[in-house]
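Asker: Chain by chain, the residues run as shown.
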Amino acid sequence: MSGIDIYNILDRAKNLGYSAEIYYIKLKEKDIEEDVQISRKSSYEEGYGLRIVKDCKLGFSYSNTLSYDLLDNAIEVYKSVEEKDCNYQIPSPEGGVNFLKEIHLLEFNEITEKIEEFYSQIKAYKNELSSSDVNITYYNVSGFEVQIGVANTEGIDINELKSGISLSLMANSKIKEGIVTPDIYEYDYTTNPSEINLDTFVNKIKENVNRLKKRYTDSIDRGIDIIFTQKALNELFMPLFSRAVSVENVFRNKSPFSKNKRISNEKLTVIDNPRYKYSLSSRSFDAEGLPTQETKILEKGEFTNFLSNTYWANKAKVKNTHSAIRTYLTLPTISTTTVELKMKDMEDPFYDKVLVVDEVQGVNTANFDTGDFSVNVSLGWLYHRKEEFGIYNMVLSGNIIDILNGITVMGNDVKRYGNIAAGMIRVKGLKIV
Amino acid sequence: MHYEELLRKAEDRGADFADLREFKVKTLRISVTEETSQVTTNGIDHGYSFRIVYKNNMGYSSSTKLDEYLLDSAFSNIKEEGKIKIVLLPKKHDEVIIEPKVLTSKSISEKVKELEKIRNDLKSFSSVKSISIRYYEDYIEKLYYSTEDRVIHIKYPVSGVSITVTSVDKDGNLVSASISKSTYKDYVLETFDPNEITKEAIERLENQIRGVLPKAGVFTVVLAPEVVGVFTHEALGHLAEADLAITGILLGLKGKKIASEEVNVVDSPIVDSTEGIGYTPYDDEGVEGKEVKIIDKGVVNDVLTDRFYSAYLGKNPTGNGRAEDFRSKVLVRMRNTYMLPGSHKLEELFEGIKEGYFMKSVYGGQTGSDGSFQFGIQEGYYIRNGEISEPIKSTGISGYTIETLGQITMVSKNLEISSGFCGKSGQLIPVGSGGPYIRVEKMKVGGT
Numbered sequence: 016m017s018g019i020d021i022y023n024i025l026d027r028a029k030n031l032g033y034s035a036e037i038y039y040i041k042l043k044e045k046d047i048e049e050d051v052q053i054s055r056k057s058s059y060e061e062g063y064g065l066r067i068v069k070d071c072k073l074g075f076s077y078s079n080t081l082s083y084d085l086l087d088n089a090i091e092v093y094k095s096v097e098e099k100d101c102n103y104q105i106p107s108p109e110g111g112v113n114f115l116k117e118i119h120l121l122e123f124n125e126i127t128e129k130i131e132e133f134y135s136q137i138k139a140y141k142n143e144l145s146s147s148d149v150n151i152t153y154y155n156v157s158g159f160e161v162q163i164g165v166a167n168t169e170g171i172d173i174n175e176l177k178s179g180i181s182l183s184l185m186a187n188s189k190i191k192e193g194i195v196t197p198d199i200y201e202y203d204y205t206t207n208p209s210e211i212n213l214d215t216f217v218n219k220i221k222e223n224v225n226r227l228k229k230r231y232t233d234s235i236d237r238g239i240d241i242i243f244t245q246k247a248l249n250e251l252f253m254p255l256f257s258r259a260v261s262v263e264n265v266f267r268n269k270s271p272f273s274k275n276k277r278i279s280n281e282k283l284t285v286i287d288n289p290r291y292k293y294s295l296s297s298r299s300f301d302a303e304g305l306p307t308q309e310t311k312i313l314e315k316g317e318f319t320n321f322l323s324n325t326y327w328a329n330k331a332k333v334k335n336t337h338s339a340i341r342t343y344l345t346l347p348t349i350s351t352t353t354v355e356l357k358m359k360d361m362e363d364p365f366y367d368k369v370l371v372v373d374e375v376q377g378v379n380t381a382n383f384d385t386g387d388f389s390v391n392v393s394l395g396w397l398y399h400r401k402e403e404f405g406i407y408n409m410v411l412s413g414n415i416i417d418i419l420n421g422i423t424v425m426g427n428d429v430k431r432y433g434n435i436a437a438g439m440i441r442v443k444g445l446k447i448v
Numbered sequence: 108m109h110y111e112e113l114l115r116k117a118e119d120r121g122a123d124f125a126d127l128r129e130f131k132v133k134t135l136r137i138s139v140t141e142e143t144s145q146v147t148t149n150g151i152d153h154g155y156s157f158r159i160v161y162k163n164n165m166g167y168s169s170s171t172k173l174d175e176y177l178l179d180s181a182f183s184n185i186k187e188e189g190k191i192k193i194v195l196l197p198k199k200h201d202e203v204i205i206e207p208k209v210l211t212s213k214s215i216s217e218k219v220k221e222l223e224k225i226r227n228d229l230k231s232f233s234s235v236k237s238i239s240i241r242y243y244e245d246y247i248e249k250l251y252y253s254t255e256d257r258v259i260h261i262k263y264p265v266s267g268v269s270i271t272v273t274s275v276d277k278d279g280n281l282v283s284a285s286i287s288k289s290t291y292k293d294y295v296l297e298t299f300d301p302n303e304i305t306k307e308a309i310e311r312l313e314n315q316i317r318g319v320l321p322k323a324g325v326f327t328v329v330l331a332p333e334v335v336g337v338f339t340h341e342a343l344g345h346l347a348e349a350d351l352a353i354t355g356i357l358l359g360l361k362g363k364k365i366a367s368e369e370v371n372v373v374d375s376p377i378v379d380s381t382e383g384i385g386y387t388p389y390d391d392e393g394v395e396g397k398e399v400k401i402i403d404k405g406v407v408n409d410v411l412t413d414r415f416y417s418a419y420l421g422k423n424p425t426g427n428g429r430a431e432d433f434r435s436k437v438l439v440r441m442r443n444t445y446m447l448p449g450s451h452k453l454e455e456l457f458e459g460i461k462e463g464y465f466m467k468s469v470y471g472g473q474t475g476s477d478g479s480f481q482f483g484i485q486e487g488y489y490i491r492n493g494e495i496s497e498p499i500k501s502t503g504i505s506g507y508t509i510e511t512l513g514q515i516t517m518v519s520k521n522l523e524i525s526s527g528f529c530g531k532s533g534q535l536i537p538v539g540s541g542g543p544y545i546r547v548e549k550m551k552v553g554g555t
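Same order as they appear, the protein sequences are chains A and B. In this text, residue positions in the first sequence follow this note's numbering: the first is 16, and each later residue adds one. In this text, residue positions in the second sequence follow this note's numbering: the first is 108, and each later residue adds one.
Hints in this document: simulated from the structure, not taken from any laboratory. A few of these clues could be false.
Said to hold, decoys possible - Here are the simulated DSSO-like pairs of lysine-lysine, each with C-alpha atoms no more than 27 angstroms apart in a straight line:
#1 A:Lys141 - B:Lys262
#2 A:Lys41 - B:Lys436
#3 B:Lys262 - A:Lys191
#4 B:Lys133 - B:Lys262
#5 A:Lys141 - B:Lys198
#6 B:Lys162 - B:Lys133
#7 A:Lys138 - B:Lys133
#8 A:Lys229 - A:Lys219
#9 A:Lys138 - B:Lys186
#10 A:Lys138 - A:Lys189
#11 B:Lys162 - A:Lys276
#12 A:Lys94 - B:Lys224
#13 A:Lys311 - A:Lys116
#14 A:Lys330 - B:Lys224
Unchecked claim - A few chain B positions that, by computed beta-carbon distances, are all more than 10 angstroms from chain A:
#15 Glu111
#16 Glu118
#17 Val219
#18 Glu223
#19 Ser380
#20 Gly405
#21 Lys452
#22 Tyr470
#23 Asp477
#24 Ser505
Beta carbons are placed, not taken as given, at the ideal position from N, Cα and C, and that holds for glycine.
Hey, can you work out the whole structure from these sequences and the hints?
Answerer: Rendered as structure tokens:
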């Protein structure tokens, strides 16, 4: 059906007695990647997710096109669940939204130009590195511009444009016939492409190849202190932490954290910051159209807040932290954005003998309910008296609470890597095999 | 615009080859917990992916609309010096359709009620503190059109249920257990008995409650079919995907014996099992699925390819080009990957093990191109003096694939296939995996 817009659907829903909300996106993307072939792709996608609420019941449907079928399908779902839950609510505006300028620094055509620039630079680096026996096995440069909007029958009608770039490089080096180093993976994603420095990427890859080629063969103390780089924190700590601080999981005892549980490390503060400069997860409003704000999660050993959306704030009777996240294909859930780790005193974590963990493998095998993990250290090295030796085939085990309790030192090299902003941290009390 | 018009216009503009994938997937997701019942997804995900080869260059585009954007964008992505070749195939028109009877006849409301019944059954166990039941169904329709005049139409359902239950152990620590079942035949709660699924979830949870932390180190282990499946998929199958095989270790080992003759691993487009959800009669490049013998009598034999890697390696395509949806590019992916049964009786595998482990179920796994692998164990037991003993918890197994394959000393006669989802480059696709029971003489086990 042509000529239908989101307001027609919301009006019809309202006339039928429903409180309704449409979350929509219009997304343009471009990416270039190469393994043994170079491929370039452009894409366009639009989609609409409709929630309706009436008499303590919820309906939902999505579509890539706008028509009244969207409403009919949501009503079918509404009728399919008999159980009533009066915590369902399409939210009303809660204060004004302070729009972030730095999440849309470039238009899509400028993003496309940046992608081509990065692509040319990577090609040059690829040739340069191959002469030093480092093989870039894969890279990807991609960028996007998206319009995200939320409109509902309760007075919210808001949208914003966001654009950004992500870049990833994967490399290895042949040690001898049939044996290569583990994959070395560097990546960044940002709303500000000038933050990405390819020199830094390439230097890190070269350093890591050198570390891995100098293999440590002696046994290592199972309780050795661990230093997590920001990349390792983004890969291991972030998924476990993000899941554990959701009000839903805390409320349902599906989290290792609870309001009454203390962390013995009183020097650590943890903040969720959806307005962190240039982070790709930053946004002016959450997926229900409510203004974003910083949330202090952990301070002086106490969990001060967990993250919520409208439903779970109502259900658990806690403050709504406006942490709803979703795609148009799903209902809103809860997630962290950029997590900041802060320590009272910061110092150099490199002293004595320590195992540095830069990449881990198998985080998807962790138990996200309990926070237990047993992951392979796919890129790590032993630091001892300013010398570095690559370690292979090592398993790191523990629990996310062990990490929080065990942080003894945070370096002053604070930076954002993916969705975490921190210095490197030194942790006691984890186990290696 | 019609697909024929799009392909003709591509040829008119000089394309040597063009193909269009149309994906139309009716999706339904239901979440039932101890607190709520929600339909979390309901709709049709519909879009197009277009590709051209022009003077040995390739350009891609995708969109939720079938219009000139697809054509113009694909051509705008032609930039490089031409190096790309793909295998071209003869004309073919075919249709493969599985029509579910129960899945499409049941209403959303009936499905919600059946899931709520499982929830209520689980609530009757006092040890259960939280319940998460996730139901999904995708009624997948794929249409493939190419300038070779290949028109392939596939339609089939995939539906599944996963249950996670949590409890608290004697020390007050949170423990959890999960079970998942999926099928491509029809409605999962008709194909599998919900009571059996519930029973197994509770058994796993109770093992976690009374489980002990295992001793870490290198041990002799017996792996059950589900773990063997994850091992063959994660540790070996990924290494056999042509894009990873080229830069990794497997291609260089082709023709070499790395395991005993009893070790045989295949990747198959269709397997005779309800859980063989890697069902791929034609892949997403319109290629007929062929079985690939990755390891044949202990010898590295073959790799999985799409049209591009077939041309690159100078071999026939195997039908392993798969994409998660219309947004995603085709990658070399597995379908149903499993180890073939051997000659031993199950009890022989445990004989003579003084202290070791029996690993029955996994959380999932991951592998590196250097051949390293790691996966988490959710159900495992000590083996003491050849007998299965107390349950263990919170552990993982890891190692190097080639070394581990060489450590397999016995393969049982059984064969079981499990369903799962495989992630690669951000794309998640349904796969089957499995095998017999195997005995591995030395394997690294994580723990205390």
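Asker: Please go over all the hints and tell whether each is borne out by the structure.
Answerer: The hints, checked one at a time:
1. A:Lys141 - B:Lys262: violated (43 angstroms)
2. A:Lys41 - B:Lys436: Holds. A:Lys41 to B:Lys436 sits at ~20 angstroms (cutoff 27 angstroms).
3. B:Lys262 - A:Lys191: The hint is violated at about 47 angstroms.
4. B:Lys133 - B:Lys262: Cα-Cα ~11 angstroms, so holds.
5. A:Lys141 - B:Lys198: Given that 27 angstroms is the threshold and the Cα spacing comes to 40 angstroms, the pair is violated.
6. B:Lys162 - B:Lys133: Cα-Cα ~37 angstroms, so violated.
7. A:Lys138 - B:Lys133: violated (41 angstroms)
8. A:Lys229 - A:Lys219: The hint holds at about 16 angstroms.
9. A:Lys138 - B:Lys186: Holds, at about 14 angstroms.
10. A:Lys138 - A:Lys189: Measuring from Cα to Cα gives roughly 20 angstroms; hence the hint holds.
11. B:Lys162 - A:Lys276: Violated, because 64 angstroms separates the two Cα atoms, which is more than 27 angstroms.
12. A:Lys94 - B:Lys224: With Cα atoms ~18 angstroms apart, A:Lys94 and B:Lys224 stay inside 27 angstroms; holds.
13. A:Lys311 - A:Lys116: holds (23 angstroms)
14. A:Lys330 - B:Lys224: The hint holds at about 23 angstroms.
15. Glu111: About 22 angstroms separates B:Glu111 from the closest Cβ of chain A, which puts it past 10 angstroms; holds.
16. Glu118: Fine: 20 angstroms to the nearest Cβ keeps B:Glu118 off the interface.
17. Val219: It is violated; B:Val219 is separated from chain A by about 6 angstroms at its closest Cβ, not greater than 10 angstroms.
18. Glu223: B:Glu223 not clear of chain A: closest Cβ-Cβ about 8 angstroms, inside 10 angstroms.
19. Ser380: holds (24 angstroms)
20. Gly405: The claim stands: B:Gly405 keeps its Cβ more than 10 angstroms from every Cβ of chain A (closest is about 17 angstroms).
21. Lys452: holds (31 angstroms)
22. Tyr470: Label violated. Min Cβ-Cβ 4 angstroms, cutoff 10 angstroms.
23. Asp477: violated (5 angstroms)
24. Ser505: Non-interface label on B:Ser505 violated, nearest chain A Cβ at 5 angstroms vs cutoff 10 angstroms.
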